[in-house]
Amino acid sequence: MGIFNFFSRDKKEKLDEGLEKTKTGIFSKLTKAVAGKSKVDDDVLDSLEEILITADVGVNTTLKIIERIEARVARDKYLGTEELNTLLKEEIAGLLEENNSGTATEFTLPEGQRPHVIMVVGVNGVGKTTTIGKLAYQFKKAGKSVVLGASDTFRAAAVDQLRIWSERAGVPIVDQGMGADPASVAFDTLQSAVRQNADVVLIDTAGRLHNKVNLMNELSKIRRVMDKVVPGAPHEVLLVLDGSTGQNAIEQARQFTKATEVTAMALTKIDGTAKGGVVIGISDEFKIPVKYIGVGEGAEHLQVFNKFEFVDSLFSKEKV
Amino acid sequence: MFDNLTEKFDRAFKVLKGQGQITEVNVAETLKEVRRALLDADVNYKIAKDFTNDIKEKALGRDVLTAVKPGQLLVKITQEELTALMGGQHEEINLTGNPAVILMSGLQGSGKTTFSGKLANYLKNKKGKKPLLAACDVYRPAAIDQLHVVGDQIGVEVFSDKDDKDPVSISTRAIQHAKSNGFNVVIIDTAGRLAVDEQMMNEIAAVKTAISPSETLFVVDAMTGQDAVNTAKAFNERLDFDGVVLTKLDGDTRGGAAISVKSVVNKPIKFIGTGEKMEAMDLFYPERMADRILGMGDVVSLVERAQENYDEEKAKKLQRKIAKNEFNFDDFLDQIQQIKKMGNVKDLMGMIPGMGKAVKNLDIDDDAFKGIEAIIRSMTPQERENHKIINGSRRKRIARGSGSEVQDVNRLIKQFEETRKVMQLMSNKKNMASLMSQMGGMKGMPKF
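These protein sequence lines are chains B and Y, in that order.
Quick note: the first sequence, position 135, residue 156 per the working numbering, numbers continuous.
Quick note: the second sequence, position 72, residue 346 per the working numbering, numbers continuous.
Pulled out of the complex, with its shape left as it was, chain B reads as follows:
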């Protein structure tokens, strides 16, 4: 399939390893559900409901998908397994926002202002710092000059963690140690990046639960301060979601979008058994694309998200 050419072979395998472990389960379940049947009946739609909900797609989005399929079935009356699969992929991919960097080139930066500032946000423990480390590594590899800003000054040893990543990726870091004002760190980082003519700035922030209003306000402040150094910054706000998170991710997306105008998502830890299906509904509701996926702990274990591959991997056949 042409789509897969966008991914280097080892990456594809890594993604497959991650995605297929249980996602192949979906296909086999579905095949079982339609085995011996020539058209989609209620039983199949019930199984489909189970499959999607078990993948954390959520009740609302699942109903939406099923309604669309029911409408198609009502219209076309007759639907076999193959058709159903194609239809499903179409419907799900249709819900996922178009990712503007989902083209052939990986880890590119949009044209325009330099430095391109990316602020990374999310709840505790989703993998923000790790994702930044991987992004720094990838951008550096792509020939960009990168500056990291250690604005997570709260969590124990967060600055140390980012510093280690900066060494690994071989990129400079701006930090004021633990307990410093995160907005001030961001300010410094941007000033330093401007002086160095850097291509891209990655700002780490402390994990915060989205229902803590004061902490969310702090994020808005960091955002405002950056705009003073580089007008229009941050150009991107990347919301990191843990692939194993359930329906609460929707609320996370809602609140972080409210506070910081999230522009893209990164889905982490999907090399395990978690399916990350909740991003489908989020992407649909908030019109935010998924941009990256994390599939391991190494610097190279970050990939540009491709919705067709994501959906395809949901339904791909088991490897022999």
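Source of the hints: derived by calculation from the structure; they are not laboratory data.
Quick caveat: nothing in here was measured; it's all calculated off a predicted structure.
We put the beta carbon where it would ideally sit given N, CA and C, even for glycine.
Among these hints, one or two may not hold up.
[What the hints assert, rightly or not] With a straight-line Cα cutoff of 20 angstroms, these simulated EDC-like cross-link-like pairs (lysine to aspartate or glutamate) come out:
| # | chain 1 | residue 1 | chain 2 | residue 2 |
| --- | --- | --- | --- | --- |
| 1 | Y | Lys-323 | B | Asp-67 |
| 2 | B | Lys-233 | Y | Asp-682 |
| 3 | Y | Lys-306 | B | Asp-63 |
| 4 | Y | Lys-551 | B | Asp-202 |
| 5 | Y | Lys-320 | B | Asp-64 |
| 6 | Y | Lys-306 | B | Glu-71 |
| 7 | Y | Lys-320 | B | Asp-63 |
| 8 | Y | Lys-306 | B | Asp-64 |
| 9 | Y | Lys-306 | B | Glu-88 |
| 10 | Y | Lys-323 | B | Glu-321 |
| 11 | Y | Lys-551 | B | Glu-239 |
| 12 | Y | Lys-320 | B | Glu-70 |
| 13 | B | Lys-110 | B | Glu-239 |
| 14 | Y | Lys-320 | B | Glu-239 |
| 15 | Y | Lys-323 | B | Glu-70 |
| 16 | Y | Lys-323 | B | Glu-71 |
| 17 | Y | Lys-306 | B | Asp-305 |
| 18 | B | Lys-85 | Y | Glu-307 |
| 19 | Y | Lys-306 | B | Asp-67 |
| 20 | Y | Lys-436 | B | Glu-239 |
| 21 | Y | Lys-323 | B | Asp-64 |
| 22 | Y | Lys-453 | Y | Glu-472 |
| 23 | Y | Lys-320 | B | Asp-67 |
[As the list claims (entries may be wrong)] Okay, the calculated beta carbon distance ranges per label pair:
| # | chain 1 | residue 1 | chain 2 | residue 2 | range |
| --- | --- | --- | --- | --- | --- |
| 24 | B | Asn-218 | Y | Asn-540 | 57 to 63 angstroms |
| 25 | Y | Glu-553 | B | Asn-235 | 14 to 20 angstroms |
| 26 | Y | Arg-685 | B | Gly-133 | 30 to 36 angstroms |
| 27 | B | Ile-87 | Y | Ala-358 | 47 to 53 angstroms |
| 28 | Y | Asn-540 | B | Asn-235 | 36 to 42 angstroms |
Put chain Y on the given structure of chain B with help from the hints.
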């Protein structure tokens, strides 16, 4: 905590309101809502299905025998079933052995290191233990540093060796270190790992075999979705853990993972994490949690936490004062200190029945009392003793002294007078009934 699920149930049960009989039809509608509420709460698909079927069986069976309203009956049955699902009685942590060894396990980012710190802090302060933390996450950058920072915060020693990359060796050496230095509990913090990572699962299994811990805990993020079932099952197969820790419950997650994990591995949930501070943890009480899910609040927890920080002597004195209507601003200030000692105010308010929803979108932090305290502290001792002498010019002075407006002072004094009235009313038991009827806010509480 669990507020969203509560809201869903509130709505689900509203459908049944005003109907006298449970029938196959009206129960089906409600149960569909219940099932959806559970799914929205991330309860595993199969478990949610079984659960609603269970309730249906029980509801239809009991219908003949009881004459309560269908909604009430379903609330009661749902509560019972939720309690049963989350696991009967509360179970304590096993601290046998000298030193007792506790092994932490879980996925990346579930909160193992933070919880290790909280547990050490809890054992040190509440159980009179001398704990040692052992840093066995040799993979994640700065994980060892993180545990050291946590250890420093709570004054607990951390055993680590950055040159040793073998968790088995570090943990056995930590236990050796504990033995020769008089530590009676060792908490082993490990790296986060995915259940499908064979190599990493072998590693933690090897650690377990080498140290034979008295307690192995599985730490799981309360926001986990459907995968909670798979992960818990896989970890349990390899580690046969003794208990579960549910973290990040201070978020607004519906927390269905609690129900899923418990029912799939049949291991008790022993602790919950409720914030980033080292004190922000609690024991897990299934029944209270079930009550909470149903919007009945967690009064028992509240009372217990209050008791812990309660000075009985002072309380008696206060009661006498209230009865005589002598409650003054000094006492008020004292009360504020007591409440602050009990912990996060929002947490506490969430435990009061009917309050869960009200405080959901409020951001109350521990500074909430700052303004009030400042005003009271700007009063003279005489003014605090007898608020009636606070006239206009005194109010102006107090406002200036506390950096607030005269209106703020006025408002506080007015509130204080009202509080006094209510307190006096409450101190007289005969008046209790009339007071309850005044408090319309309690209407939402289900009565059996």
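Evaluated hints:
no.	hint	verdict
1	Y:Lys-323 / B:Asp-67	holds, 12 angstroms
2	B:Lys-233 / Y:Asp-682	violated, 26 angstroms
3	Y:Lys-306 / B:Asp-63	holds, 17 angstroms
4	Y:Lys-551 / B:Asp-202	holds, 19 angstroms
5	Y:Lys-320 / B:Asp-64	holds, 16 angstroms
6	Y:Lys-306 / B:Glu-71	holds, 15 angstroms
7	Y:Lys-320 / B:Asp-63	holds, 18 angstroms
8	Y:Lys-306 / B:Asp-64	holds, 17 angstroms
9	Y:Lys-306 / B:Glu-88	holds, 18 angstroms
10	Y:Lys-323 / B:Glu-321	violated, 41 angstroms
11	Y:Lys-551 / B:Glu-239	holds, 18 angstroms
12	Y:Lys-320 / B:Glu-70	holds, 12 angstroms
13	B:Lys-110 / B:Glu-239	violated, 40 angstroms
14	Y:Lys-320 / B:Glu-239	violated, 41 angstroms
15	Y:Lys-323 / B:Glu-70	holds, 12 angstroms
16	Y:Lys-323 / B:Glu-71	holds, 10 angstroms
17	Y:Lys-306 / B:Asp-305	violated, 25 angstroms
18	B:Lys-85 / Y:Glu-307	holds, 17 angstroms
19	Y:Lys-306 / B:Asp-67	holds, 14 angstroms
20	Y:Lys-436 / B:Glu-239	violated, 35 angstroms
21	Y:Lys-323 / B:Asp-64	holds, 16 angstroms
22	Y:Lys-453 / Y:Glu-472	violated, 32 angstroms
23	Y:Lys-320 / B:Asp-67	holds, 13 angstroms
24	B:Asn-218 / Y:Asn-540: 57 to 63 angstroms	holds, 60 angstroms
25	Y:Glu-553 / B:Asn-235: 14 to 20 angstroms	holds, 19 angstroms
26	Y:Arg-685 / B:Gly-133: 30 to 36 angstroms	violated, 52 angstroms
27	B:Ile-87 / Y:Ala-358: 47 to 53 angstroms	violated, 32 angstroms
28	Y:Asn-540 / B:Asn-235: 36 to 42 angstroms	holds, 40 angstroms
Checked against the numbered hints above, the structure breaks hints 2, 10, 13, 14, 17, 20, 22, 26 and 27 and satisfies the rest.
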